[in-house]
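Chains as they are written, first to last, in the numbering used here: chain A, 19 to 131; chain B, 50 to 162.
Hints are supplied without guarantee of correctness; some may be wrong.
[Claimed, not checked] Sample of chain B residues at the chain A side, in silico, Cβ under 10 Å:
#	residue
1	L94
2	E101
3	P110
4	G112
5	Y113
6	R117
7	N149
[Stated by the list, open to error] No more than 25 Å apart at the CA atoms, straight line, and that leaves these computed lysine to any residue pairs for SDA-like:
#	chain 1	residue 1	chain 2	residue 2
8	A	K123	B	T54
9	B	K58	A	Y57
10	A	K95	A	S116
These are calculated hints, taken from the structure and not from any lab test. Predicted, not measured: the structure shown is a model, and the values here were computed from it. Beta carbons are placed, not taken as given, at the ideal position from N, Cα and C, and that holds for glycine.
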Amino acid sequence: GDSVTQMEGPVTLSEEAFLTINCTYTATGYPSLFWYVQYPGEGLQLLLKATKADDKGSNKGFEATYRKETTSFHLEKGSVQVSDSAVYFCALRPGAGSYQLTFGKGTKLSVIP
Amino acid sequence: NAGVTQTPKFRVLKTGQSMTLLCAQDMNHEYMYWYRQDPGMGLRLIHYSVGEGTTAKGEVPDGYNVSRLKKQNFLLGLESAAPSQTSVYFCASTRLAVNNEQFFGPGTRLTVL
Numbered sequence: 019g020d021s022v023t024q025m026e027g028p029v030t031l032s033e034e035a036f037l038t039i040n041c042t043y044t045a046t047g048y049p050s051l052f053w054y055v056q057y058p059g060e061g062l063q064l065l066l067k068a069t070k071a072d073d074k075g076s077n078k079g080f081e082a083t084y085r086k087e088t089t090s091f092h093l094e095k096g097s098v099q100v101s102d103s104a105v106y107f108c109a110l111r112p113g114a115g116s117y118q119l120t121f122g123k124g125t126k127l128s129v130i131p
Numbered sequence: 050n051a052g053v054t055q056t057p058k059f060r061v062l063k064t065g066q067s068m069t070l071l072c073a074q075d076m077n078h079e080y081m082y083w084y085r086q087d088p089g090m091g092l093r094l095i096h097y098s099v100g101e102g103t104t105a106k107g108e109v110p111d112g113y114n115v116s117r118l119k120k121q122n123f124l125l126g127l128e129s130a131a132p133s134q135t136s137v138y139f140c141a142s143t144r145l146a147v148n149n150e151q152f153f154g155p156g157t158r159l160t161v162l
């Protein structure tokens, strides 16, 4: 079945450091890929998405590129802020006709001043 | 718009007690979902609904029942709570369209003693 594997945390970075959170997936067909963010005490919010190979999703300085050849969707940000401290989830939705998401286990990011 | 709301925010139950969690959305979404979030496990789908009057099992349905009598509401029931059901429960909804995101509620933290 479909699955998502993301790097285990927690990840602790200093403010203005470069962030990479790795995400790889296993799926048949042509899935859509998502990154969700969960701030402390809140529900999940969509951070960015990509719906086909080579698409780049971006939002709030975060980027991720859909790489079909390596089945990856790594999240990056050039300069993190304390306000980016949260749990980040990679997720996939199988091809057309499916409305279910499969989530990775989440990566907790802490950014220290 | 309130988006997705969940009631209650917190609840403590004793083993064997029953309760119902309410999810409501005001976005006229067709699909609704119930997830549970446990440390190190990511989000796991319990049940979902593709429309009023229809429900289906997800990855971890045992011990839960659901109902969707109105399009805007999705109820999750625990008939006889067990300590293994201690978790944070999230409701989500999405519109019936390709590549649409899921919108999440703020969560319900349930403790079963």
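Evaluated hints:
For L94 (chain B), the shortest C-beta to C-beta distance to chain A is roughly 6 Å, which falls under 10 Å, so the interface hint holds. Interface restraint check for E101 (chain B): the shortest CB-CB distance to chain A comes to about 16 Å, outside 10 Å, so the restraint is violated. A least Cβ separation of about 13 Å between P110 (chain B) and chain A goes past the 10 Å threshold, and the interface hint is therefore violated. Violation of the interface hint for G112 (chain B) is found here, the shortest Cβ-Cβ separation to chain A being roughly 20 Å, above the 10 Å cut-off.
Using the Cβ-Cβ criterion of 10 Å, the hint placing Y113 (chain B) at the interface with chain A is not satisfied: the shortest such distance is roughly 16 Å. A cut of 10 Å between beta carbons decides the hint on R117 (chain B): the least distance to chain A is about 15 Å, and the hint is violated. With a least beta-carbon distance of about 8 Å to chain A, the hint placing N149 (chain B) at the interface is held under the 10 Å criterion. Our distance criterion of 25 Å between C-alpha atoms is met by K123 (chain A) and T54 (chain B), whose separation comes to about 24 Å.
This hinted pair checks out: K58 (chain B) and Y57 (chain A) have alpha carbons roughly 16 Å apart, not beyond 25 Å. Between the alpha carbons of K95 (chain A) and S116 (chain A) the distance comes to roughly 30 Å, so the proposed pair goes past 25 Å and is violated.
The structure fails hints 2, 3, 4, 5, 6 and 10 (numbered hints given earlier, in ascending order).
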